[in-house]
Every structure is written in C-alpha cells, then in structure tokens.
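As they're listed, the protein sequences go chains V and D. Per my numbering, the first sequence starts with residue 1, numbered consecutively. Per my numbering, the second sequence starts with residue 113, numbered consecutively.
It is possible that some hints are incorrect.
Label pairs and their calculated CB-CB ranges [unchecked claim]: (1) E127/D / G53/V: 49 to 57 Å; (2) R225/D / K14/V: 33 to 41 Å; (3) K14/V / S164/D: 21 to 29 Å.
Note that these hints are calculated values from the structure, not bench results. For every residue, glycine included, the Cβ atom is placed at its ideal position computed from N, Cα and C.
Listed here are the chains, written in short residue letters.
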Amino acid sequence: NAGVTQTPKFQVLKTGQSMTLQCAQDMNHEYMSWYRQDPGMGLRLIHYSVGAGITDQGEVPNGYNVSRSTTEDFPLRLLSAAPSQTSVYFCASSYRKNTEAFFGQGTRLTVV
Amino acid sequence: AQSVTQPDIHITVSEGASLELRCNYSYGATPYLFWYVQSPGQGLQLLLKYFSGDTLVQGIKGFEAEFKRSQSSFNLRKPSVHWSDAAEYFCAVGVFQWEYGNKLVFGAGTILRVKS
Numbered sequence: 001n002a003g004v005t006q007t008p009k010f011q012v013l014k015t016g017q018s019m020t021l022q023c024a025q026d027m028n029h030e031y032m033s034w035y036r037q038d039p040g041m042g043l044r045l046i047h048y049s050v051g052a053g054i055t056d057q058g059e060v061p062n063g064y065n066v067s068r069s070t071t072e073d074f075p076l077r078l079l080s081a082a083p084s085q086t087s088v089y090f091c092a093s094s095y096r097k098n099t100e101a102f103f104g105q106g107t108r109l110t111v112v
Numbered sequence: 113a114q115s116v117t118q119p120d121i122h123i124t125v126s127e128g129a130s131l132e133l134r135c136n137y138s139y140g141a142t143p144y145l146f147w148y149v150q151s152p153g154q155g156l157q158l159l160l161k162y163f164s165g166d167t168l169v170q171g172i173k174g175f176e177a178e179f180k181r182s183q184s185s186f187n188l189r190k191p192s193v194h195w196s197d198a199a200e201y202f203c204a205v206g207v208f209q210w211e212y213g214n215k216l217v218f219g220a221g222t223i224l225r226v227k228s
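Just need the whole structure built from these sequences, with the hints factored in.
See below:
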C-alpha cells in the first residue's frame, strides 16, 4: 500500500520562483492537510481540507495556496518562494474526524 | 486556543533505562491525544493515541502513555529503552471542525538520545 505519497523529496528554489508540492493518498481519506516542520517548532499547520472543493487556512498560510479537486490529491503551491519558506513539508491524511493522521515522507525545500 | 507543551527539548538515557517524555496540553473540550515518532529523514509514525476510555494506553514498540485530565498531561513512557528508540518524539492534540475537518496541534518535540 502506498499510503500518502509526496513528490518531490528534495527541491531547491531561487527566491521568487513558484512551484507545487504534490501529495496523493490512496486510502480514500476525506481529510487532508499540509504541515511545515522547522527546528524547535514542531509541525505547524498550513492548510487543510475536509473533501473535494473545501479547504481552510491553518496556522501559517501566508505564501501558500491549496485546492482540492479530487479526494486523492491535495497539492500545495508556493506562489513566490522566499527564504523563510525553507523547511520540511509534510502532507497528512485521515479517515474521519478525530482519527489519527497518516503522514507522507516529507519534502525538504530550500529557497536560496 | 489549543496548545501543546513538551518541556524537554533533549533527553539522554542509557540503553536499558526507563524513559518518560512529558507532554502538557491546553484544550477546552475532550482531548484527542497522540504521540508520533520521527526518525532522522523520515516521516512521522503513530506510536499511540487516546480517544476515550482507559487512561493508560498501549502503543507500538513497547511504549505506553497515561492521560491525566486533572494535570492536562499525556506523558509517554517505556520501561527499557533500546538504541533504536533514538528519534524525535512529538505529542499532538487533535482538533475537529465540522466544516473543515481534522487538524493536529503539535508540541515542539523532544529529541531522545540513547547512550550505550
């Protein structure tokens, strides 16, 4: 079982460039979310979604966009990369309310 | 607002010794609590979870955690640590919103080092 798949695993961007981090899950989970992980700060929620067409902002949404056109996919778009967005990004999915989240392997992004 | 505090940034224990990682949460409703472990360069793996019922929950790899409502705590324990337990551990509280689904609020993490 693939679970939650994130691509790419590593990425280097120049300041001002845009890119999309891909996330796909094959568990038919309704809920999906994006987190960023920074040293000493744990994981912070960027955006989350309860199903196709419904998304909301988390704790640190600035500079990021999301959309959810299918149950399986939840891409995260960086509109104009900044060095402050250097981080490890995790996508997660869960089956229903108040159930555990399953995480992807992460994308390590460096903005220079 | 919800929050999770893990007071210990680093902990070092000897192999075979017991372990307790502390976690305190702030949440107005009944909490849904989780412990995740992250090995270097890896994603997060669920160790255990508390939803309701017995306040002592068992997880994978010999870990357990005890929910204490009066202390707003959910401490993780293991009676005998193995070198392979060296990793970073995250406590999290689950928050659900009817319109937009699940989200997790994480603590800052505790890095466990195991010395032989």
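Status of the hints after comparison with the structure:
no. : hint                       : result
1   : E127/D / G53/V: 49 to 57 Å : holds (51 Å)
2   : R225/D / K14/V: 33 to 41 Å : holds (36 Å)
3   : K14/V / S164/D: 21 to 29 Å : violated (49 Å)
In this structure, the one hint that does not hold is number 3.
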